[in-house]
Amino acid sequence: MAPARDWAVRIATLAVLLLIWQQVAQRMSAAILPTPARVGAAAGDLLTGGELARAWGQTAVQVAVAMAVAAVAGVGLGLLFGWYRPLDQLLSPLLGALFLTPRIALVPLIALWFGLQDLAKIVLILAFGFFEVFFTVRDGVRGIERSYVELARAYCVPPRRTLRSVVLPAARPYVLTGLRLGLVHALVGVVLAGFFLETSGIGGLIYNLGAAFRTAELIAALLSVMVVGLAVNVGLRRLEIRLTPWQVTR
Amino acid sequence: MKAASTLSQTVKAPSQRAWTSPARATGIRPLHVAGVALALAGWQVAGAVRPDFTSSPTLVAAELLRLARDGDLLSLVAGTVGTLLVGWAAAAVLGVLAGFLIGRYRLLAVALEPYLVALYSVPLIALVPLMIIWFGIGEGFLLATIVLATAIMLVFPTATGTRESVRAYGELARAYQVTGRRFLLKVVLPGALPYIAAGLRISVQRALMAVVVGQFLVGHPGLGTLLGDARARLDADEVFAVALVALAVGALLTALVGWAGRRLSAWRPEVTT
Amino acid sequence: MTAIEVDGVGKSYTGKGKRTDALSGVRLSVPSGGFVSLLGPSGCGKTTLLKCLDGLVPVTEGEIRVGGVPITGPGRDRAFVFQDFRLLPWRTVLGNVAFPLEGVVSSKAEREEIARRHIEMVGLADFERHHPHELSGGMQQRVGIARALAVDPDILLMDEPFGALDAQTRELMQIELLRIWELTGKTVVFVTHSVDEALFLSQRIAVFSARPGRVAAEFEVPFGYPRDEHAVRGDSRFTDLRHDIWRLLKGDTNAFSE
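For the protein sequence lines, the chains are Z, W and C, in the order given. Quick note on this note's numbering: the first sequence kicks off at 230 and runs consecutively. Quick note on this note's numbering: the second sequence kicks off at -12 and runs consecutively. Quick note on this note's numbering: the third sequence kicks off at 155 and runs consecutively.
Calculated from the structure, these hints are not laboratory results. These numbers were taken from a predicted model, which means no experiment stands behind them. Keep in mind that the hints are not guaranteed to be accurate.
[What the hints assert, rightly or not] Label-pair distances were calculated between CB atoms; the ranges are:
1) W/R91 to C/R230: 53 to 63 Å
2) Z/P398 to C/D398: 46 to 56 Å
3) Z/R467 to W/R154: 36 to 46 Å
4) W/R56 to Z/V456: 34 to 44 Å
5) W/A155 to Z/R390: 41 to 51 Å
6) W/G125 to Z/L348: 30 to 40 Å
7) Z/A460 to W/L239: 32 to 42 Å
We treat Cβ as the ideally placed atom computed from N, Cα and C, and that holds for glycine.
If we strip away everything but chain Z, and leave its shape as in the complex, we get (with noise of 0.2 Å):
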């Protein structure tokens, strides 16, 4: 079937989705749930009453604090505990407590020791960013460690230039796929910090609409989280595959 086929049933889909959202609508109440048309204009209104822009705003400068942190110790951390084994069995039971904990516990012991604001909630958009990335390259350095390093080893390629030129460079797709995977989960991060530290940022956005049953408005908020959540995941993927053309599979 020709791609422009397939889209045109996407089109259609989206259409037909549409006209049920709106015949549905037409019978209940707006609170509950308003027309498309409704919240095609709250969102006109979220947009140029600054709202939307001022949300966002917030919660990207604690997003890129803590996807910068996690990116560094993620990757840091990963390579060193793919490389160097010991390491990973000291310290793995822990992280892997931690990880098993489902993120939204650890909410009182940040606020506990960070407080609600900025910081606190960076630091808990960093708990959901972090392991992903860390994870993902830790099991990738470890995929990688036999067969590139033995052959590194057969043509008697030095420790440090082994590192260099071959783990590094075997670790790139994993990077990549780390800290794609990473970013999506800090969304998660950043809408649990607007509801249950303090609610600023796109999180406490949605929180008060929903808490005001402004009903369409709050749609019109779902819905930009939707579309930051998409084109993060597809834009990086489709980045991904082009900085890494050799890896076929992830």
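Based on these hints, arrange chains W and C on the given structure of chain Z.
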């Protein structure tokens, strides 16, 4: 097909393989034990200096006992896990059904895949305020939240499993005239089971988060309210005790799902979608 | 002149409290400039021996001497060709072939010069800017061979280099390998489980028996070079040798599957 395959590759992965490794690390090494022992010792020392800030293993143990005795800890946890299991089962049924249909009928896959990918990419937990508006703050709200957050995670693995199963055994089945319901139940479903098991494995953590966030937000009694109390009081012992309880529940559920998944699909290696 | 002497080599692994003997009492000598195949069923330890020859795997018994000197690890006098090609996927053909020269030849231009010469030798001159994933399996292994030749070793250690290729490509590569071998005069130790491949390529075949791996018998192959494929395969001595080796291998398998 190119576009579709890129799209489905996009959804491969968020948060999955990683927790199989610690949970399945069956061989316990001396260094593992040493690491845990060191951490506990370090925590105890830190607690001696700033108990209001880091608590300590002994203080947390005492707090856990207190919560169990006065705080109804066990029934709160049991209630949470019960809600989780009901909602998660409903999500599984829905997700598997949708995944199967999408795997079996290409038109549905073409029509819906981009929207499902969109749902997969976004933090669905953001929808909780909308769920409150729609479902109120009772048990129904919690179940709806779990279904919303987790069903999507079963759709893609099931669709992949169905496709793989039809591709691998479809010709065989036709050659031996296995058709209709028998084909579905005896060939497609068992073939897709490892994938479904993988979907369950990756969704359990999300289900737990969904129920906890839901309870946290509306004050429905359970693990979430324990977190709410801990956040409100900011008592270090309680904060750590509750986090440990959440860890235990998370680990237990993960172990359970891993075990069940391996039982269900013992005939082939675990797949990680 | 003897290039390699394998003197009573044994290799055992201990894992899960159990000792497994991969090799035991292996004796073998490879003449300088010779082409010797190690032939045997899967799991007979022939690849392990090859890795021992390279120094990738330490022996637990006996000694391996290269040019009369006992080896302690991988060396620049030997180059290994892997069954799975093992090219670095992020590097071009040129980058892959130049890889082992880094840190040895300091000028980049000179490294690329050497790499280019060997890429040309394996017939890939037009592909030096390609990445491995853009090449067929046969071409990838040509890169693997060029990489091995680029370090100018005395000895090529080849671990089922054509095992992952289809039958036609495989035959082409065999002819190609003989051409390169005659051109360069390297000593080749070639691991394979294909009787025909061993017979067509080598001067001598060491047949392995399994568990623990040891040399069960050695056969001299009485054909000169350059070898004409059809003439060799049609020769009655080829068929006889083939028959003898098969009987030996089959007897061995039967002995283990009783």
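Holds or violated: the 30 to 40 Å window for the beta-carbon distance between W/G125 and Z/L348? holds, 36 Å
Just to be sure I understand the hint, the distance between the Cβ atoms of Z/P398 and C/D398 should be within 46 to 56 Å; is that true here? Given a distance of about 49 Å, which is inside 46 to 56 Å, the answer is holds.
Do the Cβ positions of W/A155 and Z/R390 conform to the proposed distance bound of 41 to 51 Å? The hinted range 41 to 51 Å holds for W/A155 and Z/R390, with Cβ atoms some 44 Å apart.
Verify the CB-CB distance for W/R56 and Z/V456 against the hinted window 34 to 44 Å. Given a distance of about 49 Å, which is not inside 34 to 44 Å, the answer is violated.
I want to verify a distance hint. Is the separation of the beta carbons of W/R91 and C/R230 within 53 to 63 Å? holds, 58 Å
In this structure, is the beta-carbon distance linking Z/A460 and W/L239 contained in 32 to 42 Å? Cβ of Z/A460 to Cβ of W/L239: about 37 Å, so the range 32 to 42 Å holds.
Given the range 36 to 46 Å, decide if the beta-carbon distance of Z/R467 to W/R154 lies inside it. violated, 27 Å
When held up to the earlier numbered hints, the structure conflicts with 3, 4 and fits the remainder.
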